[in-house]
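Work the whole structure out from these sequences, hints included.
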Amino acid sequence: MSALLAIVRRDLLLAMRRKSEMLTALFFFIIVVSLFPLGIGPEPVLLRKIAPGVLWVAALLATMLSLNRLFAADHADGTLEQLALSPTPLGLLVTGKIAAHWLTSGLPLVLLAPVLGVQFDLDASALGILVGALLLGTPLLSLIGAIGAALTLGVRGGGVLLSLLVLPLYVPALIFGAGAVEAHISGLGASGHLSLLAALLALAVFFAPWATTAALRVAME
Amino acid sequence: MSALLAIVRRDLLLAMRRKSEMLTALFFFIIVVSLFPLGIGPEPVLLRKIAPGVLWVAALLATMLSLNRLFAADHADGTLEQLALSPTPLGLLVTGKIAAHWLTSGLPLVLLAPVLGVQFDLDASALGILVGALLLGTPLLSLIGAIGAALTLGVRGGGVLLSLLVLPLYVPALIFGAGAVEAHISGLGASGHLSLLAALLALAVFFAPWATTAALRVAME
Amino acid sequence: MLSVTDLACVRGERRLFSDLAFDLAPGEWLHVQGENGAGKTTLLRALVGLSPPAAGEIRWRGAPIGRLGEDYRRELLYLGHHGAVKEDLTPLENLRVAAALDGRQLDERDTLATLHRFGLKGREELPVRFLSAGQKRRVLLARLVTRQATLWILDEPFTALDVKAVDMLSALIGEHLAAGGMAILTSHQTMPMANGRAVKL
Amino acid sequence: MLSVTDLACVRGERRLFSDLAFDLAPGEWLHVQGENGAGKTTLLRALVGLSPPAAGEIRWRGAPIGRLGEDYRRELLYLGHHGAVKEDLTPLENLRVAAALDGRQLDERDTLATLHRFGLKGREELPVRFLSAGQKRRVLLARLVTRQATLWILDEPFTALDVKAVDMLSALIGEHLAAGGMAILTSHQTMPMANGRAVKL
Amino acid sequence: MIWNSPAEFFAMGGYGLYVWGSFGACVLFMVAEPIMAARRHKQILRTLRRARIAEDLDKEAK
Amino acid sequence: MSNRLINWFKFASPQSFYPLAGKMIPWFWALTAVFGIAGLWLSFFVAPTDAVQGEGYRIIFIHVPASWMSMFIYLVMAAWAGLGLALNTRLSGMMAQALAPTGALMAFLSLWTGALWGKPMWGAWWVWDARLTSELILFFLYIGFIALQAAIDDPRRADKAGAILALVGVVNIPIIYFSVKWWNTLHQGASVSLTKSPSMAQTMLWGMLLMALAFWMYSIAVALMRVRAIILERETHTEWVKELEAVKR
Ligand code: HEM
Ligand SMILES: Nc1ncnc2c1ncn2[C@@H]1O[C@H](COP(=O)(O)OP(=O)(O)OP(=O)(O)O)[C@@H](O)[C@H]1O
Ligand SMILES: Nc1ncnc2c1ncn2[C@@H]1O[C@H](COP(=O)(O)OP(=O)(O)OP(=O)(O)O)[C@@H](O)[C@H]1O
Ligand SMILES: [Mg+2]
Ligand SMILES: [Mg+2]
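Residue numbers (our numbering), protein chains in the order written: chain A, 1 to 221; chain B, 1 to 221; chain C, 1 to 201; chain D, 1 to 201; chain E, 1 to 62; chain F, 1 to 249.
Hints listed in this document are in silico derivations from the structure and should not be mistaken for laboratory results.
Possibly wrong hints are sitting among the right ones.
Claimed, not checked - Only pairs whose alpha carbons sit at most 25 Å apart, straight line, appear in this in silico PhoX-like list of lysine-lysine:
(1) F:Lys242 with C:Lys121
(2) E:Lys59 with A:Lys19
(3) A:Lys49 with F:Lys119
(4) D:Lys200 with D:Lys164
(5) D:Lys121 with C:Lys121
(6) F:Lys23 with A:Lys49
(7) F:Lys248 with E:Lys59
(8) D:Lys164 with C:Lys200
(9) F:Lys181 with F:Lys23
(10) C:Lys200 with C:Lys164
(11) F:Lys242 with E:Lys42
As the structure is a computational prediction, the values presented were derived from the model and not from experiment.
As structure tokens, this is what we get:
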């Protein structure tokens, strides 16, 4: 347990050292969201309609881009080997790393989403649903993404291959997440979507660290 | 001049060796474009309206993701130093590298765009304009992106910082590029947008290699 | 304690070595020799369990290392060609973090003393990426002291080190052996320590 | 030919050395000595013009290197701590590509002969990433032969090389000097070549 | 004088939230920024002073 | 002539600029206070209620100065950066670095006050209007500059990289502005449109000008404070810093 805390603390420390990296992931999110009106045009009605989709796709992309710093740095400088050789079970350390990743990349997105939602003219209750959906969805993104990050480790051209592997797996999260807000706006109620999202999250919490650990072992062989 | 050809050939050879990397950039483009109907819903009218914007934003993101392989690999393994120390002027080599980058990442997008446009129900003439705009726009993206890639070289957390620097500079390309198709669809004619895009490209061809070279020298100090 | 029988390793389609066998008892050290590309790194990685060998068995205290898992890793320290230090952290933080991951808390004073012993005085608070090639290597090697392992497996530990550091490191290995430890090393230079057995690949 | 006066280098806020001066004439070689972190790498990078020194002047055939630019670089070959080979390409392709960037075409036979001389027989067509640490280094060093430069600046050229390769490399440097070339080397090991002047940092 | 009472002043004709939200944020940031700059200056001075003391102690020790 | 040139270079050295800046700061604060108080007095107690917008329009007194300063500071910053790149003076990079956060703050305040103004006037916190959008992009450019400098540890390198970025940005800002404008006007207008306050009363104009002056003085004062800290941080190991009274004490 203390090793779990130790790895979370280590990764947070490293993230603090590269604070700019964390902040820039956030700004990436903001900028991608702002690009869409520029590409599509400024009509508010149209924008309100595409807002949940755009925000979720941007969250997906922002998480995905921050994924390759999840294991890649540790792999490149040999610390991942050291982690695998440490007396603590690797699975535990991996869980810690995923948690730290969510804290540094998922949580800030959740906190920022309402501000961006306002730019697309969403009202307060829709914003609430958006935040709730992201709160359930972003850990899911980190968990699924970790599997992809581990699978593409040390593979040439991993960065883009990663997105190829991970984005299709993100589709359910995207559909239920964006769907929740849309259902709320069209008056259908979001609880169905949200509980599906929660179920997916519960599944991933059990399954993803295990798969990630297995993939890491393969990558290091 | 022979050195220019040599570097283009070298970068193409490397890209061929990592064919998967090139292909995955393409698939990234396809997947991002396809995510939108999933996030936004299947209404054809809505989709046709957002098609140019979505395609252009996806092209922007795909180009941007492939940017960090432009100089980063050469920097990490020390070949960039060797290039700087070679008897050919660095500016020429940089131009060659940018050209190779466009050939491997911009051109495939251009060729693929019509297929994706069809998915969004664009008609033939609109597809023609789309391809024309991308043909002018993607080299511009490579040129501007090269500056950002050089500036973030060897900087911790470069990947996301790169997008933060480059995406705002991409705004004019996005506006004129997506605007061309939209103007054509709404019957206004696309020639104005296209000639502005061409003017921007001409400006960038002169200015960007110079700025990139300066930034590379700074990065290697 | 460590015994290897009939070991064979294959990379690509090339059989690097086969029928390798040796034993290692407390206080002994082994010098793995061979020219470039002979398979030294491959052997060491098999010994620590990072890449399974094509054939043969590796036993620690009588049990196969695959079965032992954590119990083996707890007594093991492997330092490879790689830096294996975080370039953004200072030497001090690097040691602390590595120890915390092993589940141990480091005493501030001892850690500083270790760093000074490794000639990093005045660099305790400088991020590792500013250090010279040899200094980076020293930060890594400081783990030999802070993590108390029985079996040291070191891939070319003397690269990038200056003469003083080489002496210091060989003295350190000597102490470790005298205290009942074991070591397996590779190096192209002649070893500054006595009594090693050689394994030729 | 190369003359250095009053050179000083600063990293961060640390002054590594100052008032350094030396000359190098054809057929001479220089051994830059100093413990880890003394500033050897920093000095070499200043000499090739990659990072400008804090003070002092570096002249080649009488003119400051900053002014000479390409004319200096054409006569120069710098090999650093880094691999500087493309891991995805084979050794053969690596040499060809490097030569093409210098504006020269390599003869297939000569190139293969060079690779064999560097002990890479049977690895000509294997991507570099599969090679061992020492073999990678040999691919880099093969450029010493394929690119005909006058001034060689080599940062720890002997690391990771086995005994045979060290002998071969020092013989090569000897030939280069005999033909009127110049060389500046760093190394922590004693040099297997005679007649070098030492610069202590 | 265009205001009849302080309450009216603070209400801003119904736009109180927006006007005071703007001016408030402005004042907040424009007070915070110089304070942060001053703190940064003090911080570096403190570090310098400590370095100097350490140097003096080193000299005395010798 | 040559005499004056020498003087210039003298003040361009961090060593002599540090005390000079220290002496100037109080004056700029005083000017900020004078202009600020006068401006606020005009804005709140003299300027009459607007016929269309009621009291809400009073946001203009900080919105417009902040918007102006955000654009102006970028130009100044780029000029310093270019100077540093061309002449290799140490102070230039420090000035650029000191200005960036203030510029970003001004851009942020422009966005913030604009949003708070837009809600009552247009019924929306944000619309994708040309001016708003280009201000947003300007804010991103500032953030990019700050992030780039923060990500590079070697100050000399950070200065040069930042300078290149600032110059590229200066070339791009007009391009961005006009492209955004064109983008917006080619489409059908936004369903809520910008209601410009009608011909401004003389007092309003004066209030705005005074506030703009106050913002200007504030920016100088704060940038000078920051540049003093930056000078010390970068010159830690020089003799003159060790001999400073504040350090000796
Ligand atoms: C987030 C929202 C807003 C942003 C980013 C913004 C940005 C700007 C900028 C950059 C300027 C200076 C432009 C120049 O001088 O050419 C400006 C001026 C001005 N803005 Fe805004 N603005 C926003 C919202 C508003 C709103 C809601 C109103 C009024 C209803 C408004 C009214 C004005 C006026 C009257 C000026 C000065 C007139 C002029 O100089 O042309 N702005 N704004
Ligand atoms: N896919 C492959 N196909 C053929 N040979 C391979 C392949 N991968 C690796 N090799 C060979 O396997 C060997 C790997 O050896 P290893 O890295 O263990 O060498 P080493 O003894 O540590 O050498 P060094 O002293 O240079 O570090 C090399 O000779 C390499 O050429
Ligand atoms: N920002 C910084 N602040 C203080 N010291 C620094 C900074 N950056 C580098 N240094 C120091 O500068 C020196 C760099 O030396 P360099 O890499 O040239 O050493 P070297 O002689 O090549 O050593 P090695 O034999 O280990 O390769 C190191 O001592 C390092 O600690
Ligand atoms: Mg090896
Ligand atoms: Mg060195």
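Outcome of the hint check:
no., hint, in the structure
1, F:Lys242 with C:Lys121, "23 Å, holds"
2, E:Lys59 with A:Lys19, "38 Å, violated"
3, A:Lys49 with F:Lys119, "20 Å, holds"
4, D:Lys200 with D:Lys164, "28 Å, violated"
5, D:Lys121 with C:Lys121, "45 Å, violated"
6, F:Lys23 with A:Lys49, "56 Å, violated"
7, F:Lys248 with E:Lys59, "16 Å, holds"
8, D:Lys164 with C:Lys200, "15 Å, holds"
9, F:Lys181 with F:Lys23, "44 Å, violated"
10, C:Lys200 with C:Lys164, "28 Å, violated"
11, F:Lys242 with E:Lys42, "15 Å, holds"
Checked against the numbered hints given earlier, this structure breaks hints 2, 4, 5, 6, 9, 10; the rest are met.
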